[in-house]
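Protein chains in written order, with our numbering: chain A, 32 to 144; chain B, 109 to 223.
Please keep in mind that the hints were generated in silico from the structure rather than gathered at the bench.
Misleading hints may appear alongside valid ones.
[As the list claims (entries may be wrong)] The following label-pair restraints were derived from C-beta to C-beta distances:
1. B/His180 - A/Leu144: 19 to 29 Å
2. A/Ser100 - B/Ser120: 40 to 50 Å
3. A/Gly71 - B/Ser120: 12 to 22 Å
4. B/Pro187 - A/Glu110: 43 to 53 Å
5. B/Leu119 - A/Ser38: 27 to 37 Å
6. A/Arg53 - B/Glu150: 34 to 44 Å
7. A/Val43 - B/Lys218: 25 to 35 Å
8. B/Ser120 - A/Ser96: 40 to 50 Å
None of these values were measured; they are calculated from a predicted model.
Yeah, the Cβ is synthetic: ideal placement off N, Cα and C, and Gly gets one too.
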Amino acid sequence: DAGITQSPRHKVTETGTPVTLRCHQTENHRYMYWYRQDPGHGLRLIHYSYGVKDTDKGEVSDGYSVSRSKTEDFLLTLESATSSQTSVYFCAISEPIRTDTQYFGPGTRLTVL
Amino acid sequence: DQQVKQNSPSLSVQEGRISILNCDYTNSMFDYFLWYKKYPAEGPTFLISISSIKDKNEDGRFTVFLNKSAKHLSLHIVPSQPGDSAVYFCAATLYSGAGSYQLTFGKGTKLSVIP
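Looking at chain A on its own, in the form it has when it is part of the complex (with noise of 0.2 Å):
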């Protein structure tokens, strides 16, 4: 299994508040993402990151910053949260040859009220 921890897994919190979600990897690799999962829409993109610094918007990163100033770490930060944000967050990291294929981290379940 890839070395990726997550946290905190859960979180509830309200409408308005700023929230940060971390991604820990132990692999050393370049590549990192953030996505989320919602019913009826499988995972989108959020964010990317192909090196320390160095980011890129996926399919629905409005409302949503990251940032990496570490390889093994990459953090999601929801500057006001909103409850369209309520949802499964997952953040995935590439091997540095076969960047095609993901691994992903066991999640966080974020609950905005």
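Starting from the structure of chain A, add chain B where the hints point.
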């Protein structure tokens, strides 16, 4: 507009029989196609992939077939086992620059293998 479609939300199969999960796509520029398996409260797990230049890839009980002219791929599981019960996601990749690929996922098919 959904580029990767899994039109069957669910599928039930008897243990020991073949499970066939289907996926259609619209973008002819996709490079690789992958299947992921997901159990409740866990992250998706990579199962098998196929390059867009191949038409078949096999790994144990799992075989993926790609029909580029029809823009269709399928995952065959033979024989099906109760532990295969999970949600299966079809995904396709597009090169997004800087050595990275973006995955586009279908909505998933829930497979139930009945003992």
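Comparing the hints with the structure gives:
no.	hint	result
1	B/His180 - A/Leu144: 19 to 29 Å	violated (42 Å)
2	A/Ser100 - B/Ser120: 40 to 50 Å	holds (48 Å)
3	A/Gly71 - B/Ser120: 12 to 22 Å	holds (20 Å)
4	B/Pro187 - A/Glu110: 43 to 53 Å	holds (50 Å)
5	B/Leu119 - A/Ser38: 27 to 37 Å	holds (35 Å)
6	A/Arg53 - B/Glu150: 34 to 44 Å	violated (18 Å)
7	A/Val43 - B/Lys218: 25 to 35 Å	holds (27 Å)
8	B/Ser120 - A/Ser96: 40 to 50 Å	holds (42 Å)
Violated hints, listed in ascending order, are 1 and 6; each of the other numbered hints is respected by the structure.
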